[in-house]
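Asker: Let the hints inform the model, and build the full structure from the sequences given.
Number of protein chains: 2
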Amino acid sequence: MGTILGIDPGLTRLGVGVIAQGAGRRVSLVHVEVLRTPATDRPEARLGALSNALERVFDIHKPDIVALERVFAQQNLRTVMGTAQVSGVVLALAHQRSLAVSLRTPSEVKAAVTGYGRADKKQVGTMVAKILGLDAIPQPADAADALALAISEAWRGGTTSAQTAGAETAAQKAWREAEARAHRPKLKE
Amino acid sequence: MGTILGIDPGLTRLGVGVIAQGAGRRVSLVHVEVLRTPATDRPEARLGALSNALERVFDIHKPDIVALERVFAQQNLRTVMGTAQVSGVVLALAHQRSLAVSLRTPSEVKAAVTGYGRADKKQVGTMVAKILGLDAIPQPADAADALALAISEAWRGGTTSAQTAGAETAAQKAWREAEARAHRPKLKE
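Going down the list, the protein sequences come from chains A and W. Take the first sequence: its letters are residues 1 to 189, numbered as in our numbering. Take the second sequence: its letters are residues 1 to 189, numbered as in our numbering.
I should point out that these hints are in silico values taken from the structure, not numbers from a laboratory. Glycine is no exception: its CB is placed at the ideal position from the N, C-alpha and C atoms. Hints are supplied without guarantee of correctness; some may be wrong.
Claimed, not checked - Here are the simulated distance ranges between beta carbons:
1. A:Lys-62 to W:Arg-56: 47 to 53 Å
2. A:Gln-123 to W:Leu-77: 27 to 33 Å
3. W:Gln-123 to A:Gln-123: 51 to 57 Å
4. W:Ser-98 to A:Gly-24: 47 to 53 Å
5. A:Leu-77 to W:Glu-55: 44 to 50 Å
6. A:Asn-76 to W:Arg-78: 17 to 23 Å
7. W:Arg-78 to A:Gly-133: 40 to 46 Å
8. W:Arg-13 to A:Asp-135: 48 to 54 Å
9. A:Tyr-116 to W:Asp-64: 52 to 58 Å
10. W:Arg-118 to A:Gly-2: 48 to 54 Å
11. W:Arg-42 to A:Ile-60: 22 to 28 Å
What the hints assert, rightly or not - Where chain W lies over chain A, by a calculated footprint (3+ residues, C-beta under 8 Å):
12. 39 to 47
13. 100 to 109
Answerer: Structure follows, in structure tokens:
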């Protein structure tokens, strides 16, 4: 229950996904956008612009928790430093609003929404659209990834206990439910 | 001319060095400190605390420019992500105050203050103390490194033109001047 802000960090494209968590596993879309900064801008201008835009997102949507992709130094070296810089800004902004940040690995997020930790971008986008009842996959992938982060956070506690009990996992349940309503005509797959 | 804030970024220890730049190559110490956060704290608490402390530094010392160590993904993988996160916070804070950030590599800084791009910590600390007329090397090394960053920024423009002209570089001049007054009794070497 509450509002979850998912952030897929990046200097060039930063995915922002806000969902509302209802009873049980219910989640619904509140807001999704991708913030961009030009690679030709100075680093401080890029981080400053993203910081200002994120402050507006925090102020408008008043999330109860932030789900942020955990960045590893082993990832793409060309972009990882910028991604880590953006993550630092998100962490500091969240703390200033007394919000906890849940750091989620890409494989945790993929496993939560598709049931498979090595799912590709298309599978993740497809499931995000199904889970949130959207007519199309959010574009670009950063938008879908931000929503996937928020969804994985919403289902976090339940997933663990269900798996411990040997029951259907949150992801399996969502997948089953999503498949059941997969007649939506405009969904890109 | 003006106030230069040097920052040696890090999550566990963040070096802050403020110097005043006078006429010619003159620089003097205004403030030096090392901000620390415990590794046991949550990432958002660490970044948030550093962000708050850095805001105070900006507000109190009103720097005209920030000299920040440029972080490379090739550096120590265990600490590089935290360092990059802190750098992101510094960049965003500087931009909010309309300050430019000069990103300086460790070898640029070492070359500026010691004349040698591969100088060790002790050489850098010794020269920082000499240049600023301090009785002892600022400790820990993060403090000396932050001051070295600020000094290298102060001497930046002149260094390049002097080198272009084939004249004595700023570092060589400072080294010569520092050697000339190296009779200071309490300087650790």
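Asker: Now look at each hint and say whether the structure bears it out.
Answerer: Going through the hints against the structure:
Judged by the Cβ atoms, the range 47 to 53 Å given for Lys-62 (chain A) and Arg-56 (chain W) is violated: they are separated by roughly 27 Å. For the hinted restraint 27 to 33 Å between Gln-123 (chain A) and Leu-77 (chain W), the CB-CB distance of approximately 30 Å keeps it satisfied. Gln-123 (chain W) and Gln-123 (chain A) have their C-beta atoms about 54 Å apart, which keeps the hinted 51 to 57 Å range intact. For Ser-98 (chain W) paired with Gly-24 (chain A), a C-beta distance near 48 Å keeps the hint of 47 to 53 Å intact.
One distance hint, 44 to 50 Å for the beta-carbon pair Leu-77 (chain A) and Glu-55 (chain W), is violated here, with the actual separation near 31 Å. A beta carbon spacing of about 19 Å between Asn-76 (chain A) and Arg-78 (chain W) agrees with the range 17 to 23 Å that was offered as a hint. Taken as a hint, the range 40 to 46 Å holds for the pair Arg-78 (chain W) and Gly-133 (chain A), whose Cβ atoms sit roughly 43 Å apart. Judged by the Cβ atoms, the range 48 to 54 Å given for Arg-13 (chain W) and Asp-135 (chain A) holds: they are separated by roughly 51 Å.
For Tyr-116 (chain A) paired with Asp-64 (chain W), a C-beta distance near 53 Å keeps the hint of 52 to 58 Å intact. Between Arg-118 (chain W) and Gly-2 (chain A), the C-beta spacing of about 53 Å keeps the proposed range 48 to 54 Å intact. Range check, Arg-42 (chain W) to Ile-60 (chain A): Cβ separation about 25 Å, and the 22 to 28 Å hint holds. Judged by the Cβ-Cβ criterion of 8 Å, the segment 39 to 47 of chain A is covered by chain W as claimed, because 6 of its residues qualify and three suffice.
Counting residues of the segment 100 to 109 of chain A whose beta carbon lies closer than 8 Å to any beta carbon of chain W gives 3, which meets the minimum of three for the stated coverage.
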